[in-house]
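One letter stands for each residue in the lines below.
Protein chains: 2
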Amino acid sequence: MAQKPSIPKGTRDFSPQEMMRRTYIFETIKSVFRTFGYSPLETPAMENLSTLLGKYGDEGDKLLFKILNSGDYAAGLTDEQVRQASKISEKGLRYDLTVPFARYVVQHQGELVFPFKRFQIQPVWRADRPQKGRYREFYQCDVDVIGSKSLLNEVELVEIVERVFRKLGISVTLKMNNRKILYGIAETIGHADKMVDITVAIDKLEKIGLEAVKAELRERGIEEAAIERLQPILELSGSNMEKLAKLEQVIGSSETGRKGIEEMRTIFGYVEKLGIGLNVELDLSLARGLNYYTGAIFEVKANDYPIGSICGGGRYDDLTGIFGLPNTSGVGISFGADRIYDVMTGLELFPEAVNCTTEVLMLNFGGAEELAALGLLKRLRDLGIAAEIYPEAAKMKKQMEYANRRGIPQVVIVGSEELELRMATVKDMRSGEQTKVAFDIFEQHFE
Amino acid sequence: MAQKPSIPKGTRDFSPQEMMRRTYIFETIKSVFRTFGYSPLETPAMENLSTLLGKYGDEGDKLLFKILNSGDYAAGLTDEQVRQASKISEKGLRYDLTVPFARYVVQHQGELVFPFKRFQIQPVWRADRPQKGRYREFYQCDVDVIGSKSLLNEVELVEIVERVFRKLGISVTLKMNNRKILYGIAETIGHADKMVDITVAIDKLEKIGLEAVKAELRERGIEEAAIERLQPILELSGSNMEKLAKLEQVIGSSETGRKGIEEMRTIFGYVEKLGIGLNVELDLSLARGLNYYTGAIFEVKANDYPIGSICGGGRYDDLTGIFGLPNTSGVGISFGADRIYDVMTGLELFPEAVNCTTEVLMLNFGGAEELAALGLLKRLRDLGIAAEIYPEAAKMKKQMEYANRRGIPQVVIVGSEELELRMATVKDMRSGEQTKVAFDIFEQHFE
Chain Z
1 MAQKPSIPKG TRDFSPQEMM RRTYIFETIK SVFRTFGYSP LETPAMENLS
51 TLLGKYGDEG DKLLFKILNS GDYAAGLTDE QVRQASKISE KGLRYDLTVP
101 FARYVVQHQG ELVFPFKRFQ IQPVWRADRP QKGRYREFYQ CDVDVIGSKS
151 LLNEVELVEI VERVFRKLGI SVTLKMNNRK ILYGIAETIG HADKMVDITV
201 AIDKLEKIGL EAVKAELRER GIEEAAIERL QPILELSGSN MEKLAKLEQV
251 IGSSETGRKG IEEMRTIFGY VEKLGIGLNV ELDLSLARGL NYYTGAIFEV
301 KANDYPIGSI CGGGRYDDLT GIFGLPNTSG VGISFGADRI YDVMTGLELF
351 PEAVNCTTEV LMLNFGGAEE LAALGLLKRL RDLGIAAEIY PEAAKMKKQM
401 EYANRRGIPQ VVIVGSEELE LRMATVKDMR SGEQTKVAFD IFEQHFE
Chain U
1 MAQKPSIPKG TRDFSPQEMM RRTYIFETIK SVFRTFGYSP LETPAMENLS
51 TLLGKYGDEG DKLLFKILNS GDYAAGLTDE QVRQASKISE KGLRYDLTVP
101 FARYVVQHQG ELVFPFKRFQ IQPVWRADRP QKGRYREFYQ CDVDVIGSKS
151 LLNEVELVEI VERVFRKLGI SVTLKMNNRK ILYGIAETIG HADKMVDITV
201 AIDKLEKIGL EAVKAELRER GIEEAAIERL QPILELSGSN MEKLAKLEQV
251 IGSSETGRKG IEEMRTIFGY VEKLGIGLNV ELDLSLARGL NYYTGAIFEV
301 KANDYPIGSI CGGGRYDDLT GIFGLPNTSG VGISFGADRI YDVMTGLELF
351 PEAVNCTTEV LMLNFGGAEE LAALGLLKRL RDLGIAAEIY PEAAKMKKQM
401 EYANRRGIPQ VVIVGSEELE LRMATVKDMR SGEQTKVAFD IFEQHFE
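Going down the list, the protein sequences come from chains Z and U.
First residue of the first sequence: 1, per this note's numbering; consecutive thereafter.
First residue of the second sequence: 1, per this note's numbering; consecutive thereafter.
Treat the hints as calculated values from the structure; they're not laboratory data.
Just to be clear, a hint being listed does not mean it is correct.
Pairs involving identical chains hold if they fit within one copy or between any two copies, as the list cannot separate such chains.
[Stated by the list, open to error] Cross-link-like lysine to aspartate or glutamate pairs, in silico, EDC-like; alpha carbons within 20 Å at most:
(1) K246 - D428
(2) K246 - E235
(3) K149 - E401
(4) K259 - E392
(5) K273 - D382
(6) K30 - E18
(7) K207 - E281
(8) K378 - E162
(9) K436 - E417
(10) K30 - D382
(11) K167 - D382
(12) K273 - E369
My request is simple: use the sequences and hints to build the entire structure.
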């Protein structure tokens, strides 16, 4: 056992400092969710494999962490049976929060009040190859409403994005798209089946330029005439409403396309009328979750920090169908806590107070001095101030070093002289300044 | 997929109402931990099996949930290899928070400042047979300090117990014992090796009476003369200090016993001098964790609700030795969230506010009325008030039913008349009372 212990690759310990910062992010997000009337929900880490398998594609199935049945599970099995794992594992760790949410809604549909608004902040596990910024255990932070088709829900999510990032101090742009518009574009040029191909090509416009995109479209089997018809869409500019107007001229013959345009007009209209102070941009190249989203698509990027999407989501018209409850529309977004953490660390956005766990350290000189310090300590704690006493009457240097290394900003000295005068010495560890504070009004100094 | 989905036995979904209540418990406990200068820590759900195996006894090893290696893990293995699971599983879900904490401290010893005070609130998993009140996934809520032998740490834990249960409104008794005293008793009567047997017999005193205990001691191989010497201990009464004084007369010849008595005198002395208003009781029959605790032992019981221990812990002199860092003493306690939840539910101790997620519902009448309602809604949310609007202009009856079923205490009506007069109607859902509130001062009504 002399070997230094370690943790599985792709997993992390969160140190006190990291925890303080993560808690700050989660609490900020949660407080906004609550303000909007979303209720907390938690589901178990393990789900039945029958719940998880087949929901994330073949690739996803391979990335599920499976749990061995307990007991003498594998005796007498053939290699083949073991390889299939069907007899030795019936449970897996959740892969996201969306499938467990859908499972919960179907399982408890009789008890729930719809529209059902819930948020869920829990870890998920994926057997991905670990690499920088990609972990096998990470938190998701989801907010969804299910059982309402109203676009007010989309508008509410825009407001939530605005409030969360304003509170965190991160300047962001919300990019929005709509799967119905993308379908309308593909349909208009006679390639309804190639919606994803077309979107993926458009997505590269900024990176590779107009001509290269056209070449790629040709490669993907779109003929010249169709590409011509796409031209105005590739050159869209102006305000969101202007873009929608131009778009309508091109794809207005597609019923689905018109519906998508109408949805976005409604959403952008509310955003304007409500004065939601967020940079919201219609971006036709946004190709997130095209396999399951059916309406609006959201993606948030930090304006001042080069990192991928820090929040995203969309409308799904049939989330619970896979569990036997059809026609239940939902819309939701997910905040990426790890990336938000990186942005805030990179831009130094964490408030000073988030970095210290203890505000006041009482030095310990033993005997009657210690007892007096303990009495003062109690009064600080009664006020909710995080305070502690060094647990032993160690050398003062050692105690001061403890305060320094822990980053405790204030140290209180109650030595024999202080005890006699009934005045504590309070030392500000940053400025080095010392103040005498009478025992009688001690706690007021820290309020 | 028509079959209703379910979750693995022994696991639970936590509904919004349960989550609100659980969050209340966790937040109360956390706020006390923080006030005492403890820092948050989180470790991964999965640990290497080498970290977990052999730490919880043979029985514990069997109760670990093991995770299948990902990939084509089991091809070409014999039945025997599979049964041993050594080639197909290298990771397990954590069984408690203590072993991961010890692993963390050893792994990060170079970066940590000692004494290291941490709290950790995370789920653990045990493949126990599920039954009423026993789950396969449950939260532990641990607070520990490591790297200090000072008894002030024990005193601090007594204060933490007092504050947590005072804040939660649960009347409790803290029972304390000391493994050194138990050893001293066994040593004094010439049966140092039978410490556990003797303690287990004493534990039954209240249930089966003095004579039956003596009979049991005889059965366990303690001879008559030794039982005679135990007699004063079985009849201990009076205050904690009086009990310790009597105990000293009996076991004063045992050095370990004397040390235990001295420790408890110090702890009880502080509790008295600091005026910690908690019923603390020396209870020699307390036999918790005798395999690993080496000094003080804690156990908390609710005074008004018949349920087992709701909090417990103790001093362990060599927690990190198993990972190669010897001589590092720690002391800690763990709060039982599930039982605390049951006590609070049983005694109806949850504050009213904990039961509702949304404080105000704005009814939706569409058009200009909706827009006005959205404006008012924003002002409520700016104040941090949890408020929402019904997302569609549905029939009023349906919207009111939604408010009722969700337990939303206040409903706001902005119909055509209200819009004209610029006065909202606020309905208190409990009393049925309606109030007119001018738009201009709308949010003030809810502050």
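Tested hints:
1. Taking the closest pair of Cα atoms, K246 and D428 never come within 20 Å of each other, the shortest separation being 63 Å inside a single copy and 49 Å across copies.
2. For the identical chains of this complex, K246 and E235 are intra-copy neighbours only, at 10 Å inside a copy versus 93 Å across copies, given an alpha-carbon limit of 20 Å.
3. Only between protomers do K149 and E401 lie at most 20 Å apart by alpha-carbon distance; the minimum there is 19 Å, versus 60 Å within a single protomer.
4. Proximity of K259 and E392 under a CA criterion of 20 Å is satisfied inter-copy only: 18 Å between copies versus 72 Å inside one chain copy.
5. When the C-alpha separation of K273 and D382 is checked against a cutoff of 20 Å, the pair qualifies only between copies, where the shortest distance is 17 Å, while the shortest distance within a copy is 47 Å.
6. Taking identical chains as interchangeable, the C-alpha atoms of K30 and E18 lie at most 20 Å apart whether they share a chain (18 Å) or sit on different chains (16 Å).
7. Taking the shortest alpha-carbon separations for K207 and E281, only the intra-copy value of 18 Å comes in at or below 20 Å, while the best inter-copy value is 73 Å.
8. Taking the closest pair of Cα atoms, K378 and E162 come within 20 Å of each other only across two copies (12 Å); inside a single copy the shortest separation is 41 Å, beyond that limit.
9. Taking the shortest alpha-carbon separations for K436 and E417, only the intra-copy value of 12 Å comes in at or below 20 Å, while the best inter-copy value is 63 Å.
10. In the homo-oligomer, the alpha carbons of K30 and D382 lie at most 20 Å apart only across protomers (15 Å), although the nearest pairing inside one protomer, at 27 Å, exceeds that limit.
11. For a Cα distance limit of 20 Å, the shortest separation of K167 from D382 across copies, 11 Å, qualifies, whereas the shortest one inside one copy, 29 Å, does not.
12. In this assembly of identical chains, K273 and E369 lie within 20 Å of each other by CA distance solely across copies; the values are 13 Å between and 64 Å within a copy.
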